[in-house]
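S.K.: Next come the chains, spelled out residue by residue.
Number of protein chains: 2
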Amino acid sequence: MSKVGIVAYGTIPFTKEDHKIESILHKSTNDLFQKNPNINKKEIDAVLVSTNNNSKYLSPILSEMVGIQPKIAHSIESLCNSGTNSIVSAFSYISSGLADMVLVSGAERYDSPGQILEWDNSRGEFKHPIFWASIFSKSYKQDYGISDERLAIVSVKNHKQAKQNPNALSKKTYTVEEVINSTKLTDDLRLLDCSRPCTGSASVLLASEDMAKKLTDPPIWITGIGQKTTSAGFTKNTSLSSLESTKLAGQSALKMANHSISDIDVAEVHDAFSVCEPMILESLGFTNPGEGMNMIKNLYETNNFKINPRGGLIGAGHPLGATGISQTIEIVQQLQNSAENRQTDNPKKGLIHNMSAAATSSTVLVLEK
Amino acid sequence: MSKVGIVAYGTIPFTKEDHKIESILHKSTNDLFQKNPNINKKEIDAVLVSTNNNSKYLSPILSEMVGIQPKIAHSIESLCNSGTNSIVSAFSYISSGLADMVLVSGAERYDSPGQILEWDNSRGEFKHPIFWASIFSKSYKQDYGISDERLAIVSVKNHKQAKQNPNALSKKTYTVEEVINSTKLTDDLRLLDCSRPCTGSASVLLASEDMAKKLTDPPIWITGIGQKTTSAGFTKNTSLSSLESTKLAGQSALKMANHSISDIDVAEVHDAFSVCEPMILESLGFTNPGEGMNMIKNLYETNNFKINPRGGLIGAGHPLGATGISQTIEIVQQLQNSAENRQTDNPKKGLIHNMSAAATSSTVLVLEK
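Protein chains in written order, with the working numbering: chain B, 1 to 369; chain D, 1001 to 1369.
Just so you know, these hints were derived from the structure itself, not from any lab.
Computed from a predicted structure; not experimentally measured.
Don't take each hint at face value.
In silico DSSO-like pairs for lysine-lysine, Cα to Cα no more than 27 Å straight-line [to be verified]:
{"hint": "1", "chain 1": "D", "residue 1": "Lys1127", "chain 2": "D", "residue 2": "Lys1020"}
{"hint": "2", "chain 1": "D", "residue 1": "Lys1184", "chain 2": "D", "residue 2": "Lys1163"}
{"hint": "3", "chain 1": "B", "residue 1": "Lys3", "chain 2": "D", "residue 2": "Lys1255"}
{"hint": "4", "chain 1": "D", "residue 1": "Lys1255", "chain 2": "B", "residue 2": "Lys20"}
{"hint": "5", "chain 1": "D", "residue 1": "Lys1255", "chain 2": "B", "residue 2": "Lys42"}
{"hint": "6", "chain 1": "B", "residue 1": "Lys16", "chain 2": "B", "residue 2": "Lys35"}
{"hint": "7", "chain 1": "D", "residue 1": "Lys1041", "chain 2": "B", "residue 2": "Lys236"}
{"hint": "8", "chain 1": "D", "residue 1": "Lys1349", "chain 2": "D", "residue 2": "Lys1306"}
{"hint": "9", "chain 1": "B", "residue 1": "Lys236", "chain 2": "D", "residue 2": "Lys1027"}
{"hint": "10", "chain 1": "B", "residue 1": "Lys27", "chain 2": "D", "residue 2": "Lys1236"}
{"hint": "11", "chain 1": "B", "residue 1": "Lys35", "chain 2": "B", "residue 2": "Lys3"}
{"hint": "12", "chain 1": "B", "residue 1": "Lys306", "chain 2": "B", "residue 2": "Lys171"}
Label-pair restraints from in silico Cβ distances [claimed, not checked]:
{"hint": "13", "chain 1": "D", "residue 1": "Pro1037", "chain 2": "B", "residue 2": "Asp263", "range": "39 to 47 Å"}
{"hint": "14", "chain 1": "B", "residue 1": "Asn121", "chain 2": "D", "residue 2": "Glu1301", "range": "53 to 61 Å"}
{"hint": "15", "chain 1": "B", "residue 1": "Lys3", "chain 2": "D", "residue 2": "Asn1258", "range": "21 to 29 Å"}
We treat Cβ as the ideally placed atom computed from N, Cα and C, and that holds for glycine.
Required output: the full structure, derived from the provided sequences and hints.
M.R.: Now the structure itself:
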């Protein structure tokens, strides 16, 4: 299998603005090309669009707007991990030899239809993720004796880190008390425990080994890929305090990269709600079951940005189809030591964790320079 | 690059019935597994859903319904050639080594939102494909001196061939006079010149070389792939009487398969409207520019099912996301000599042509046993 590298990226600030999806999509793609005038658009073989938006034919539309005539062009949807699904697809096109260079652009509007999964009656009366997040929170707190105050540190940490991310939706920091006193949505969930849907876009360009070496210094290589879908319905999850698909995807990705979790220097993980962050860290093996909050509290108190340096979904905002791509860009910047105020200490290996629908599906990527 | 074979398929009759997309999708997948009890669902690494339907997370939903826990799971959309885009993606997952076996299931409802491309203002007042089809028809007839009566033979031939396809939407045959006298939609288009959107589903299972040899006799190999997107907007087409993306995709596919067009024994081509069939045959090089109707008339008069044996989109119906997969199944059946009353004379090499939005995007596949 030939190596595949990430050679360029483009981003825009995440907002609550009301624009057409084609325009949102165009903005980060345009940013990518403006930052990298050395890229020859004629050499781009595929354009993959990651979105939950209902508009059709977005890849050919984006291609026409930016002046690409690709071989391969389509949209990819898998709710909240559409972005990393698209990146893995791009990897496979290059690795198989069908493409040398692939543009992956993700975009979403604040009112994305991907926020609700109509099909899943097991989510109860309201089909919003708030339902499963409440159950996860109750279960996790009971299983491990975690207080609301302790769990609130996830939100405090990620809002603090987002303050160093110029593209983040959130511009504020909060105390534990402010999180606890924010609007109570359910018995186990406050408003500030939730990531917020928003308008955003993010783009990356992937290339084959030869092309990557020509275009970037240093290219960032995708060395590990793991994916797993255990079900679609929330109640099919085998556990309410660990994430099976995340565990399996993490194991596969680390095995492919030939690393253990202790080799990972920096990670973006899918904190759709506060409770997700400790559950993910435990499922990936960063720490033992029930000890995720100890790790998070320690990172917060030592001002260590190792987990979710850009502020996670809670701080940066969650434009569904763009999220996995935005997470990937953060790890690229970290590995290239270009993350400015968010920069961690010269990381060599990074990890991205992106999931959908109560972790019924997860993607894990390992990146290295 | 390792070989990739098609090892199983499932289909259902195309109808105007009103079912939920999840149910439609499930039916052809279920048919595939019922026909092939030797397939171990645990060995399926990816489930790709091809559709224009707005429902989300269909791949995990389908996976849960049929009892698969895949690594890779997402939906793919590119209007009318979503199906072959999904098959090429499946090919790349296997060829890259990320997957050994991939299920591709396509489904659509009769009221698919993929019939209208809201974005394309260049289609004029009504955004339906009828607009571009009328302009193509007028232009093609003028350029080559083709009468309405002569063009009507496409519809007559394909309805006749569909009569031998138990899954076809159309159950009737028509004379040239009946086509000409059917409801006039525009100056250059009659109702019977149009393929009809419908409810349908089709599934194929792709596998790596070793697995394919174990599972099927004979496996049908995908030996050629060509794809091209020239634009999204209809008016960006460089010609109104040939199809640039089809020409380029056809050349790439034949080059990869190391064949010339004269080696192809049987083909499914995307006759969304009567005029498309001669234009496609000419763009693929089956015949010279302007001579497509001579070839079609000759095939019709000699009862030769070489082009669109299952009745094409005009005869079989056009469930957008399922169409490319259904075309592929027909070529598999032809190469396995199992096409019953539609069987052509022991074909060795087959071709599939599937396109979107006035041929702004085309896919061509070459299949061999």
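S.K.: For every hint, state whether the structure bears it out.
M.R.: Hint-by-hint comparison with the structure:
{"no.": "1", "hint": "D:Lys1127 - D:Lys1020", "verdict": "holds (26 Å)"}
{"no.": "2", "hint": "D:Lys1184 - D:Lys1163", "verdict": "holds (24 Å)"}
{"no.": "3", "hint": "B:Lys3 - D:Lys1255", "verdict": "holds (25 Å)"}
{"no.": "4", "hint": "D:Lys1255 - B:Lys20", "verdict": "violated (40 Å)"}
{"no.": "5", "hint": "D:Lys1255 - B:Lys42", "verdict": "holds (20 Å)"}
{"no.": "6", "hint": "B:Lys16 - B:Lys35", "verdict": "holds (25 Å)"}
{"no.": "7", "hint": "D:Lys1041 - B:Lys236", "verdict": "holds (18 Å)"}
{"no.": "8", "hint": "D:Lys1349 - D:Lys1306", "verdict": "holds (11 Å)"}
{"no.": "9", "hint": "B:Lys236 - D:Lys1027", "verdict": "holds (22 Å)"}
{"no.": "10", "hint": "B:Lys27 - D:Lys1236", "verdict": "holds (22 Å)"}
{"no.": "11", "hint": "B:Lys35 - B:Lys3", "verdict": "holds (24 Å)"}
{"no.": "12", "hint": "B:Lys306 - B:Lys171", "verdict": "holds (20 Å)"}
{"no.": "13", "hint": "D:Pro1037 - B:Asp263: 39 to 47 Å", "verdict": "holds (44 Å)"}
{"no.": "14", "hint": "B:Asn121 - D:Glu1301: 53 to 61 Å", "verdict": "holds (56 Å)"}
{"no.": "15", "hint": "B:Lys3 - D:Asn1258: 21 to 29 Å", "verdict": "holds (28 Å)"}
When held up to the earlier numbered hints, the structure conflicts with hint 4 and nothing else.
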